[in-house]
Amino acid sequence: MNDELDPDLRRLFAATADYPADDAFLASVAAKTAPRRPMLRALAAALPASAVVIALALGLGVAIDQASAWIAPLVNGSPFGWAAGLALAAAGVVCFRLLAPLADRL
Amino acid sequence: MNPTALAEAAEASVVALAAAGDHQAFAELVRRRQGMVRELMRRLCGDRAFAEDLAQQAFVQAWRQLGRLKSPGAFGGWLRAIAVNVWLQEARRAPARFEDSQADPIEPEAQGPAPDALAAARLDLSRALLRLKAPERVCVVLAYAEGLSHGEIAEATGWPLGTVKSNVARGAERLRAWLSPEGERDERRA
Numbered sequence: 019m020n021d022e023l024d025p026d027l028r029r030l031f032a033a034t035a036d037y038p039a040d041d042a043f044l045a046s047v048a049a050k051t052a053p054r055r056p057m058l059r060a061l062a063a064a065l066p067a068s069a070v071v072i073a074l075a076l077g078l079g080v081a082i083d084q085a086s087a088w089i090a091p092l093v094n095g096s097p098f099g100w101a102a103g104l105a106l107a108a109a110g111v112v113c114f115r116l117l118a119p120l121a122d123r124l
Numbered sequence: 062m063n064p065t066a067l068a069e070a071a072e073a074s075v076v077a078l079a080a081a082g083d084h085q086a087f088a089e090l091v092r093r094r095q096g097m098v099r100e101l102m103r104r105l106c107g108d109r110a111f112a113e114d115l116a117q118q119a120f121v122q123a124w125r126q127l128g129r130l131k132s133p134g135a136f137g138g139w140l141r142a143i144a145v146n147v148w149l150q151e152a153r154r155a156p157a158r159f160e161d162s163q164a165d166p167i168e169p170e171a172q173g174p175a176p177d178a179l180a181a182a183r184l185d186l187s188r189a190l191l192r193l194k195a196p197e198r199v200c201v202v203l204a205y206a207e208g209l210s211h212g213e214i215a216e217a218t219g220w221p222l223g224t225v226k227s228n229v230a231r232g233a234e235r236l237r238a239w240l241s242p243e244g245e246r247d248e249r250r251a
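Those protein sequences? They're chains A and B, same order as listed.
Mapping the first sequence onto the working numbering, position 24 (from 1) lands on 42, and the numbers just tick up by one.
Mapping the second sequence onto the working numbering, position 57 (from 1) lands on 118, and the numbers just tick up by one.
For the record, the hints were derived by calculation from the structure and aren't laboratory data.
You may find that some hints are simply not true.
Listed next, the in silico EDC-like pairs over lysine to aspartate or glutamate satisfying Cα-Cα at most 20 Å (straight line) [what the hints assert, rightly or not]:
1. B:K194 x B:E207
2. B:K226 x A:D40
3. A:K50 x B:D83
4. B:K131 x B:E100
5. B:K226 x B:E113
6. B:K131 x B:D83
7. B:K194 x B:E100
8. B:K131 x B:E234
9. A:K50 x A:D36
10. A:K50 x B:E213
11. B:K226 x A:E22
12. A:K50 x B:D114
13. B:K226 x B:E243
14. B:K226 x B:E213
15. B:K194 x B:E151
16. B:K226 x B:E216
17. B:K131 x B:D177
18. B:K226 x A:D24
Covered stretches of chain A, as calculated for chain B (at least 3 residues, CB under 8 Å) [stated by the list, open to error]:
19. 28-37
20. 41-52
For each residue, glycine too, the CB sits at the ideal point set by N, CA and C.
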């Protein structure tokens with residue numbers, strides 16, 4: 019408490035302080051802080067992860083589609099096609115190992 | 062914990078329960094502290110409906126941030142700081158609503174039966190507070206209505222101590238002038 023405050027003003031503030039309890043106020047706050055239903059909460063939590071997974075799957079589909087156009091002739095046409103195939107499979111495993119932790123975090 | 066036990070429990074215990082996600086415990090905190098927050102907002106806003114709205118916002122923010130409160134015993138001051146910040150944010154967002162406000166000050170009869178002189182004093186003070194600039198108003202209200210020291214006001218608002226001191230002094234000076242018989246006469250003439 020400040021000693022340098024004007025005592026008259028302090029008295030005026032004290033005399034005019036009055037705020038009765040209000041059940042409607044309590045109910046309004048309770049409604050705004052009430053827990054959402056578990057089903058809705060689970061859906062809301064899963065929504066961002068689902069959106070990311072769908073986007074990744076779509077991206078992967080497009081990438082495979084594009085890549086097959088030049089991978090297929092490489093594997094079929096070259097005498098070392100089997101080696102190219104093995105290298106691509108190894109690259110796939112490496113990609114999987116790198117992306118798996120990211121998928122876990124989702 | 063059942064409602065009766067909650068009502069009798071020490072506030073720090075209730076705060077700890079609420080921080081752990083207990084809605085009943087938080088409802089008990091709202092019941093205990095609603096008077097302080099609503100009174101503070103009423104003084105700051107001058108408009109009853111708007112004050113109620115901001116008071117509710119303060120409690121909703123408190124509920125969301127309760128997990129970050131380090132000391133349950135400091136709940137009262139922490140809640141007051143949230144309320145002040147809710148009001149300051151609103152004052153920055155829509156300054157016209159707070160500076161030289163045209164809002165109708167709270168009518169004394171809305172407070173329930175009160176002696177005429179007290180009702181008039183309440184109305185006069187409410188009108189005078191509305192004429193103060195936002196920083197002066199918040200500092201004067203926290204000092205005179207809430208009984209906070211300059212240091213506590215600086216902590217609640219995040220303003221430098223010197224700014225708080227000058228806002229309290231200047232705001233109180235203006236209130237005194239407006240609430241004096243000469244000030245009232247000048248206002249009537251204007």
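Hint check results:
With a C-alpha separation of about 18 Å, the suggested pairing of K194 of chain B with E207 of chain B holds against the 20 Å cut-off. The suggested pairing of K226 of chain B with D40 of chain A is violated, with an alpha-carbon distance near 34 Å, which exceeds 20 Å. The hinted pair formed by K50 of chain A and D83 of chain B meets the criterion: a straight-line CA distance of about 14 Å does not exceed 20 Å. Pair hint K131 of chain B plus E100 of chain B does not hold up; C-alpha atoms about 26 Å apart against a cutoff of 20 Å.
Between K226 of chain B and E113 of chain B the alpha-carbon distance is near 28 Å, which puts this suggested pair outside the 20 Å criterion. A distance of roughly 17 Å separates the Cα atoms of K131 of chain B and D83 of chain B; the hinted pair therefore holds under the 20 Å criterion. Pair hint K194 of chain B plus E100 of chain B holds up; C-alpha atoms about 19 Å apart against a cutoff of 20 Å. The straight-line distance between the Cα atoms of K131 of chain B and E234 of chain B is roughly 38 Å, outside the 20 Å bound, and the hint therefore fails.
For the hint linking K50 of chain A to D36 of chain A, the alpha-carbon distance of about 25 Å lies beyond 20 Å, and the restraint is violated. Simply put, K50 of chain A and E213 of chain B have alpha-carbon atoms about 30 Å apart, too far for the 20 Å limit, and the pair is violated. Between K226 of chain B and E22 of chain A the alpha-carbon distance is near 10 Å, which keeps this suggested pair within the 20 Å criterion. At most 20 Å may separate the alpha-carbon atoms for a hinted pair to count; K50 of chain A and D114 of chain B meet this at roughly 12 Å.
Among the hinted pairs, K226 of chain B with E243 of chain B is inconsistent with the structure: their alpha-carbon atoms are about 26 Å apart, more than 20 Å. Note on K226 of chain B and E213 of chain B: the hinted pairing holds, with a Cα-Cα distance of about 11 Å set against a maximum of 20 Å. As the CA atoms of K194 of chain B and E151 of chain B are separated by approximately 14 Å, the hinted pair is consistent with the 20 Å bound. For the hint linking K226 of chain B to E216 of chain B, the alpha-carbon distance of about 13 Å falls within 20 Å, and the restraint holds.
Simply put, K131 of chain B and D177 of chain B have alpha-carbon atoms about 45 Å apart, too far for the 20 Å limit, and the pair is violated. For the proposed pair K226 of chain B and D24 of chain A, the alpha carbon gap of about 13 Å is at most 20 Å, so the pair holds. Under the rule that three or more residues need a Cβ within less than 8 Å of chain B, the assignment of the segment 28-37 of chain A holds, with 8 such residues. Closer than 8 Å: that is the beta-carbon criterion, and the segment 41-52 of chain A has 8 residues meeting it against chain B, so the requirement of 3 holds.
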